[in-house]
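Enquirer: The chain contents come next:
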Amino acid sequence: MLMHNHVFRLLFLGGLVILISACDRNDQQIKVYRLVKAPSESPIAEKAAPINSATPQIKWELPSGWGEGSPSTMRYASFAATEDNGEKVDISIVTFPGDGGSDLDNVNRWRQQIGLAAVDEGELSSIIAPFQGKQINFSTADVVGPDSRTLAAWVRREGRSWFFKLSGPKDAVEKEKPKFVKFLQSVRFEKDAV
Amino acid sequence: MLYKIVDLITSLKLTIACLAAAMVLVLAGTFAQVHFGIHLVQQRYFQSLFVWWPPDARGFQIPIFPGGYLVGGLLLINLIAAHVRRFQWTWRKLGIHLTHAGLIIMLAGGLFTDLFAVESHMRLTNGEAKNYSEDTRHDELAVIDTTNPEFDQVTAIPEKLLWSTRVVEHPSLPFQVVVRSFFSNSRLEMANESGNGPQPIANRGVGAQVSVQPLARATAPDEQNVVTAVIEIVPVDLASGATHESLGTWLVSDALGAPQTFSWMNQTWQLVMRPARYYKPYSITLQKFTHERYAGTEIPRNFASTVTLIDPDRSTSRDVLVYMNHPLRYGGETFYQAGFQKDDSATILQVVHNPSFLAPYVACVIVAAGLLIQFSYHLVGFARRRRTAIA
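As you go down the protein sequences, you meet chains A and E in turn. At the far end of the first sequence sits residue 194, using this note's numbering, and the numbering has no gaps. At the far end of the second sequence sits residue 585, using this note's numbering, and the numbering has no gaps.
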């Protein structure tokens, strides 16, 4: 019987160890490791990568004269173009999960950025116009300030919103507008991963 | 007293109580999936000692029912204890012993699988090489010291720790990571500069232009949570332990793409919230993905990935074809063909690390052998008695 007692005590201890270790799953532990800097992890590769695996793949044809713009963590992609007179325009593609804010908030933010007063809901319908790309129906807004101008197009699909913006000095934006229109027409989404 | 405890843990009543509790738990867990989704239910009902109420509270909770670990653990102890106590070695009982041993291996294997198995995914485009897989259900905050030109030092803080801890400290970090807000699911929006509507809750990096709306945790298997946190970086003097003035607050979210950078004491650091990564000592390169369809339809007939496995430590470099039911097994991990991008430009491999994957097979063989021996023994005995009776 003494032998039995020992066995049962051991069993008890063993059981407790299993139960306690069950509480300490390793998904709560901080990991530290070193990675050799690989060429594939350069900032350009990082920027070109999709935002996460659930993000649909977006493709476009880049107009001639547009170069890589200043990178930003906010942007999915960034381009820039310089006119003959040295004026620069900025082209940005930004994406957010969800609706990315109301149209009124967005239009007013773009207006404020170029020094215009906010509009109310009633005036909004005269500012927003539809634009038909090859695959996508965009909403667009052309916001013209005293010096600057912003052409914005956006689309909401599959739980994300995508914003395409051309902004810069008034004349430069006017010159780049045909290229921006052609660029918007070329934008298309590949299907999600399955 | 000890005898009473021994009687209790070896009693058949405990076995019945555990089996009944397991049935109730499975039934309740199945119903709860409607609201909470399979993964959350697995955590709350089966990968826990108790089912707690209220389920979402961080503060006071009360246990309302034994959880899967407690029921399974008790059943395992009960089975082993009863077996040891009543163990008598005779050939007549060989079948019973084998059946019990098989059940013990199955229960223990289930527990070990639950504790140590890790599932992740590796998504590869044509020609791409990766030496890590990603957990699609858990995020991590990677704090990366990029100062050294040769290597990056990564400190990966699991999402769960950000949720449960207010101040994260680690010897690899010369600062505290103070969690100001945590959202297990959220929506990010550009903040309205006019001051109307939700405002940013971080003051550095991209977060200074973004507002966060908390969302209920996604429960459907095909929905993804957008984990977001606001963290404050508070430098610590390593010698005295005193804290310096805060460097500011950053918004980190897996909805944001590239890492955010800051500097402290001539060191450059990056912050990025991303799916938790599991690095491997070898790399996998996708050479070719093939996708055959039934003629005239879009229905997949077969899809397969030709990958190159390179392990410098073992001087291994070989091409492997991974396709349905023909996984690649290497270094304790199994790579299954799990999916693909619809334009066939990328393959998705499921990576399973399960040290006890053989346990169910071994257990089934042992239980089957035990039952066969036991029934054969009774059948032979019955046949003999019948023959004697007739004679």
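The reader is advised that the hints may include incorrect statements.
Cut-off 27 Å, straight-line C-alpha distance, at most; resulting in silico cross-link-like pairs (BS3-like, lysine-lysine) [said to hold, decoys possible]: (1) E:K354 / A:K31; (2) E:K324 / A:K59; (3) A:K175 / A:K37; (4) E:K287 / A:K37; (5) E:K474 / A:K37; (6) E:K324 / A:K31; (7) A:K59 / E:K482; (8) A:K31 / E:K474.
So these bits of chain E aren't anywhere near chain A, every CB distance computed over 10 Å [to be verified]: (9) P257; (10) Y473; (11) I584.
None of these hints come from the bench; they were simulated from the model. Backbone N, C-alpha and C define an ideal beta-carbon position, used for all residues, glycine too.
Enquirer: Now, for every hint given, state plainly whether the structure supports it.
Expert: How the hints compare with the structure:
no.	hint	verdict
1	E:K354 / A:K31	holds (13 Å)
2	E:K324 / A:K59	holds (23 Å)
3	A:K175 / A:K37	violated (42 Å)
4	E:K287 / A:K37	violated (62 Å)
5	E:K474 / A:K37	holds (15 Å)
6	E:K324 / A:K31	holds (19 Å)
7	A:K59 / E:K482	holds (22 Å)
8	A:K31 / E:K474	holds (14 Å)
9	P257	holds (13 Å)
10	Y473	violated (6 Å)
11	I584	holds (45 Å)
In summary, the structure is inconsistent with hints 3, 4, 10 from the numbered list given earlier, while agreeing with the others.
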